[in-house]
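Model the placement of chain E on the given structure of chain X, informed by the hints.
Here the protein sequences line up with chains X and E, keeping their order. Going by full-length UniProt numbering, the first sequence opens with residue 1, and the numbers climb by one from there. Going by full-length UniProt numbering, the second sequence opens with residue 1, and the numbers climb by one from there.
Think of the hints as simulated: they come from the structure by calculation, not from any bench. Everything hinted at is true.
In this list, chains with the same sequence are indistinguishable; a pair is considered to hold if it fits within one copy or across any two.
Below 25 angstroms or equal to it, Euclidean Cα-Cα: the simulated DMTMM-like pairs (lysine to aspartate or glutamate) are:
| no. | residue 1 | residue 2 |
| --- | --- | --- |
| 1 | K218 | D236 |
| 2 | K336 | D366 |
| 3 | K439 | D171 |
| 4 | K439 | E50 |
| 5 | K439 | D99 |
Number of protein chains: 2
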Amino acid sequence: MSAALIAALRAAVGERHVWTDPDQIAPHLREDRRRWTGEAIAVVHPGSTEEVAACVRACAEAGVAMVPQGGNTGLVGGGVPRGGVVITTGRMNRIRSVDPLNATITVESGCTLASVQEAAAEAGRLFPLSLASEGTCQIGGNLSTNAGGTGVLHYGNTRELCLGVEVVLPDGRILNELSALRKDNTGYDLRDLFIGAEGTLGIITTAVLKLFPKPATKVTAFAGCAGPEAALAIFDILRARAGDSLTAFEYLERFGVEMVLAHLPGARDPMTEAHPAYCLIELSSPDPDADLEARMENALAEAIESGLVADAVIGRSEAQNAALWSLRENMSEMQKHYGASIKHDVAVPVARVAEFITTGVGLCRDYMPPVRPCPFGHFGDGNIHFNLTRPVDMSDAEFLSHYPRFNRIVHDLVASMGGSISAEHGIGLAKRDELPRYKDPVALALMASLKSAIDPQNLMNPGKVLAPATEGTR
Amino acid sequence: MSAALIAALRAAVGERHVWTDPDQIAPHLREDRRRWTGEAIAVVHPGSTEEVAACVRACAEAGVAMVPQGGNTGLVGGGVPRGGVVITTGRMNRIRSVDPLNATITVESGCTLASVQEAAAEAGRLFPLSLASEGTCQIGGNLSTNAGGTGVLHYGNTRELCLGVEVVLPDGRILNELSALRKDNTGYDLRDLFIGAEGTLGIITTAVLKLFPKPATKVTAFAGCAGPEAALAIFDILRARAGDSLTAFEYLERFGVEMVLAHLPGARDPMTEAHPAYCLIELSSPDPDADLEARMENALAEAIESGLVADAVIGRSEAQNAALWSLRENMSEMQKHYGASIKHDVAVPVARVAEFITTGVGLCRDYMPPVRPCPFGHFGDGNIHFNLTRPVDMSDAEFLSHYPRFNRIVHDLVASMGGSISAEHGIGLAKRDELPRYKDPVALALMASLKSAIDPQNLMNPGKVLAPATEGTR
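If we strip away everything but chain X, and leave its shape as in the complex, we get (with noise of 0.2 angstroms):
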């Protein structure tokens, strides 16, 4: 049977590129945190949308599980292959056209996202998707999950920058969504459908992305405050000021800048005292003679007037606004010389962001005083990276055991603000037996109706966003 289909797969993609060794098949098994180890049968890498199809259609016949893959560079296991075939996209890399007048950009599902980004600056366009993997995430898993990163204030998820899709079903046929139309309203939305599916639905092999002007003046400022009341007053200031040239809005407090401080080679403070919380600030436009730097000064001068900003530094080269970017990049990889880290990736309406840290350190306190809570993320967006650093005299291990009464804490707290527990990473298997405690049962069962719609044979990663009990039930 495995073997019969590894010769399909074989006669459909070539010899090569059908891995069945263990060594070589195991960096595609497991993920960067090891969070979760699967197995699979053999991992192929197609060339081509068709050869992608002949894959498919080989494992829809032979009722063998599938499991696209991109850079593997996802944080909830939407990419682990429990059993089946991995289907890789990393071969179909090719930039298929670029068009700066229509300001579009067509690319197959395995570049990476930097490579996209690179097409677009070599055009004199801009595609906005910045991620801290970009070097090695690519395009279609970045689809597929609806990725975040730090630009969605101004420029959208990649769900608002993509404009067509072509996506292999669960059951070979291909669908040409490619549009490079702004306006098309011919029948149901369903590019929109594939993205951020994790994979689950079909396989995106080939994208048209939307290209904007290049930012031709940029103005980044890191200003310290009290705390998230304060950062969100203060936002409020720069949106009214600032209007479409707020491009970035980041919190960060000083528990996480300190451990970037201590950790990062080179890395130092940008002001002479330390301030309980900061917001990273940039705007940016693509008029070159738009005087952001007035503009920013004039917005810091007035939240320092209303006794919101404490103290502000404003980058003045290149290298300052790169030193002020990498305290809040950094942030996740320096936690890490801290001991182990339970995280959350949550989103609260805008409003409502300073209540929620402020509320949700209070609660993780209640429950273990010595925890050191330390929030940041994409403010503006009302996206809270909410990770806690385990107590200094505590073992990662009993910290760890706590994990899933922190999420409940955490993800009570979210929803009962309106929020997600999941604003950008998605749900994969990390949050598949905790979404049905949070989403609307209505929602969920449409969901399972569509999937079984699309994959009545439930070979197209399995068990990732809808748990096997929902699927039995539907």
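Structure of chain E alone, referenced to chain X:
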């Protein structure tokens, strides 16, 4: 059977909200242009989501079709009943909440678009969707048709303006996806499945919409040019020079402008000489200090130097701006003075919009030399209302007998350019039977599968978007 259903509906919404009298229901059976007239056994006016759900359950149990209806201003017959029960949303017209800090507004689907705009403005914010019918059309209809309008270039279609929806499904269950979040990756994107589905998958009852900063400055210009190729080059200059502040770029031709000048009381030509084509350009910004007039003047100066713009005027007052916009906004209406029109609401990639207009006009003149083309529209979105006015010496009836032939010519051209045969009006009845010629067959089959999964009895606005034949073969 019918009597039992009527009784159930009366029990659900109250006696006086169930209409069966032919005179009373007549306005709900037709649409403005009188292209279709339908029939229904009753028109019901539920006052809440729960009442909608009760009506839907009653119809579903009786196996009777339902047609959701908002302001009944649709242009493709999507709201015209073909038997069954019309369920209107007009009584559900409350603005539930406005949250300026979160930049969201929560509205019931029966709110008119104008009332949503007004509620946003009262809170110091902008809801940017703007349409000719905004005083009458309802937000539920705007969502169900993914309406476009003049603000799409900067703010996007209705789809991009919506964060969350509440929907009554075809079996009466209530789907709660009323998220006010900017980021939420907890499963499939159900919201976008209902947006643009033209009421065939359920009835949208409430929505959370995005708000934007109010423009603090605005400048409007009207530029005469040689034709669509020049207009595309002008668009490219404006986009580069004005970036995010370019909020509208509309295209008109002399024949259309002459119609308005001849028949709109008070209309006058903003220029001393006639030009073959015109661009109507708007810059706006929430930044009161943005010098948009200088930006517009610089961009137009560059276009004049390049020989692209022959003459241009900039509105120097609200009244002048309104006068310039009225030339564009009254075009469709004034066309009626020139006899029958054959209309096409199409889109192509923006980079090809000039080529489309020139080729399309040529093909139509090849077919009928004296036809009078009147293309105009949302040039910056690639969306052209490619209208044809009847020859001077031809009867309306004879001209209209060529409707299918002109449709074929224009739509085949659009399809050959990767375009859409319905950019913003939808499919409804008007383009339902043409859709299979132009839509990817896999996409069409997938649409039928989704319809079947969500509405297995095919009772929700049956026969719209998808032809009964397609439904039969799914």
